[in-house]
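First to last, the protein sequences are chains G and W. For the first sequence, our numbering gives the first residue as 1, with consecutive numbering after it. For the second sequence, our numbering gives the first residue as 1, with consecutive numbering after it.
Incorrect hints may have been included.
No copy labels: a pair is met if it fits in one copy or bridges any two.
Claimed, not checked - Using 25 angstroms as the maximum straight-line C-alpha spacing, the simulated SDA-like pairs for lysine to any residue come out as follows:
| no. | residue 1 | residue 2 |
| --- | --- | --- |
| 1 | K89 | M33 |
| 2 | K152 | A58 |
| 3 | K178 | Q17 |
| 4 | K89 | V32 |
| 5 | K202 | Q11 |
| 6 | K4 | S213 |
| 7 | K178 | I66 |
| 8 | K89 | D39 |
| 9 | K88 | Q57 |
| 10 | K88 | V5 |
| 11 | K4 | T115 |
| 12 | K89 | F208 |
| 13 | K4 | A198 |
| 14 | K60 | K152 |
| 15 | K178 | T240 |
| 16 | K88 | A58 |
| 17 | K89 | V5 |
| 18 | K60 | D24 |
| 19 | K4 | T240 |
| 20 | K178 | E134 |
| 21 | K88 | T240 |
| 22 | K4 | A145 |
| 23 | K88 | A205 |
| 24 | K88 | R162 |
| 25 | K4 | Q200 |
| 26 | K88 | P184 |
| 27 | K152 | R106 |
| 28 | K4 | E235 |
| 29 | K88 | G38 |
Think of the hints as simulated: they come from the structure by calculation, not from any bench. Treat the numbers as computed from the prediction; the structure is a model and nothing was measured.
Here is what each chain is made of, one letter per residue.
There are 2 protein chains.
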Amino acid sequence: MTPKVRLHLDQPLAPGQLLAPDRDQANYLFAVMRLAPGDRILAFNGRDGEWVAEVTQASKRGGALIVVEQTRPVQLPPDLWLLFAPIKKARTDFIVEKATEMGAARILPVQTDFTNSERLRQDRLQAHALEAAEQCGGTYVPEVADLQPLSKLLASWDPSRRILWCDEARVGSVHSLKGLERGPWAILIGPEGGFSPAEQAKLAALPFVTPVSLGPRILRADTAAVAALSLWQAELGDWTGA
Amino acid sequence: MTPKVRLHLDQPLAPGQLLAPDRDQANYLFAVMRLAPGDRILAFNGRDGEWVAEVTQASKRGGALIVVEQTRPVQLPPDLWLLFAPIKKARTDFIVEKATEMGAARILPVQTDFTNSERLRQDRLQAHALEAAEQCGGTYVPEVADLQPLSKLLASWDPSRRILWCDEARVGSVHSLKGLERGPWAILIGPEGGFSPAEQAKLAALPFVTPVSLGPRILRADTAAVAALSLWQAELGDWTGA
């Protein structure tokens, strides 16, 4: 039977390896889920794939597990980044969760001319990504970067990574993803209100930027993120079976 | 200047038509937004497109507006239904909101063998769809149906409407939407835990059902809904420019 509990443990995973859950994890495993010696969980660390681990000692303050066997090798997502302008807290959390499920390799919050947020709890967003990976069966946790100005990021951008620019101003026009080349990409989603005229002019002039429309209705930023990630994964990513 | 307030008013919209907002709407327009005679809003009713209406009388208990001119004709979405098994309240609300933004024409909550929810507030979900249409600039509000058993719905299904079945059990396999025919479709999203073996066997045997995989990671139902709607809209719907 497949263990019901699936946990991210930032420790090496190999046969016979002992695992020491931290206090929060021990509380979850042994107080909330009431696991006892002999019970099994699934563990992953983002690098070594997914493993079965067996409880050897149950204690709300610590306890121990031993790694038994690998159930899956690590599956890295395609080389796709998501750049987005943070919005309301709940929707920002949601974008990080969805980007993890959808297989983004890196998540980069950016400040744009129309971004409201000046500060962002990177550690909290990283924890959200980790939790989403636990839930979606992923063996990889995307890195959430610190908030940085879009202009600064673009100034030092490696042009070999192309940017798929979801441009709200293009609502109604259409640009298909068909025919785009595989390789490193980043998806750029704007804030509510879109990009400023100066940002639009700058993005339009960059040779590595491809604008795309997401249909005739205005999408919220969180919807646009999932929609753009879907189209990219189906056309260029790991949904293609290639 | 484009009016900032955009409101669904279930009244006929035509030049010179007088509009009487209900009490909640009057409170929003005249108390919250503090609109005064001469101020303008955008109004739509889901049938007659989008219109500019001007306040003629401001009162928290009622007030009146007069329809000035049309800004956009009604834009109906493609003939696409979304069938989904209701999940936790917040995520169910979210699915209705997203399906509206993504241009589903009808939203049908279904009971499956693994659905938790036995009751659903249809009126509350319909209000969510309406609010989402106000936000996303849509001129159409999808109908949210009452909760009904999937088995009953399938028993009387019109086979000319094909079903795109997002099958969690197929995670890892791939089925592209390329080559599918245009026409009436419905997208079917399962609950957490997917479909029961009996449901899977039944769906697999129906000639109008096409299974599809949404990549190698397990998606939450709300993510899967947006992903499937994106792929369908880009391949067969109103994102294609056709």
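Query - Copy assignment of K4 with A198, given that the CA separation must stay at most 25 angstroms - result: between (51 angstroms within a copy, 23 angstroms between copies)
Query raised in the report: How do K60 and K152 come out at 25 angstroms by Cα distance, when the copy is not named: within, between, both, or neither?
Result: Neither: 46 angstroms inside a copy, 48 angstroms across copies.
Query raised in the report: Under a CA distance limit of 25 angstroms, which applies to K4 and E235: within one copy, between copies, both, or neither?
Result: This pair counts as neither: shortest intra-copy Cα distance 33 angstroms, inter-copy 37 angstroms.
Query - Homo-oligomer pair classification [T240, K88; C-alpha up to 25 angstroms] - result: Neither, since 33 angstroms and 31 angstroms both go past 25 angstroms.
Query raised in the report: Taking 25 angstroms as the upper bound on the Cα-Cα distance, should K88 and G38 be classified as within, between, both, or neither?
Result: neither (44 angstroms within a copy, 32 angstroms between copies)
**Report entry** Alpha-carbon proximity between K88 and A58, which holds within one copy, between copies, both or neither at 25 angstroms
**Finding:** neither (40 angstroms within a copy, 32 angstroms between copies)
Query raised in the report: Can you tell me if K89 and V5 fall within 25 angstroms by alpha carbon in one copy, between copies, both or neither?
Result: between (28 angstroms within a copy, 23 angstroms between copies)
Requested in this report: Could you figure out if K152 and R106 sit no more than 25 angstroms apart (CA to CA) within one copy, between two copies, both or neither?
Outcome: within (17 angstroms within a copy, 44 angstroms between copies)
Query raised in the report: With identical chains treated as interchangeable, where does the CA-CA distance between K4 and A145 reach 25 angstroms or less: within a copy, between copies, both, or neither?
Result: neither (31 angstroms within a copy, 34 angstroms between copies)
Requested in this report: Measure nothing new, just compare the shortest in-copy and cross-copy C-alpha distances for K4 and S213 to 25 angstroms and report within, between, both or neither.
Outcome: Answer is between; shortest inter-copy Cα gap is 23 angstroms, intra-copy 41 angstroms.
Requested in this report: Please work out whether the CA atoms of K88 and P184 approach to 25 angstroms or closer within one copy, between two copies, in both situations, or in neither?
Outcome: Close neither inside one copy (29 angstroms) nor across copies (36 angstroms); limit 25 angstroms.
**Report entry** K178 and Q17: within-copy, between-copy, both or neither at 25 angstroms Cα
**Finding:** So K178 and Q17 fail the 25 angstroms test inside a copy (46 angstroms) and across (46 angstroms) alike.
Comparing the model with each numbered hint stated earlier shows that hints 2, 3, 5, 7, 8, 9, 12, 14, 16, 19, 20, 21, 22, 23, 24, 26, 28, 29 do not hold.
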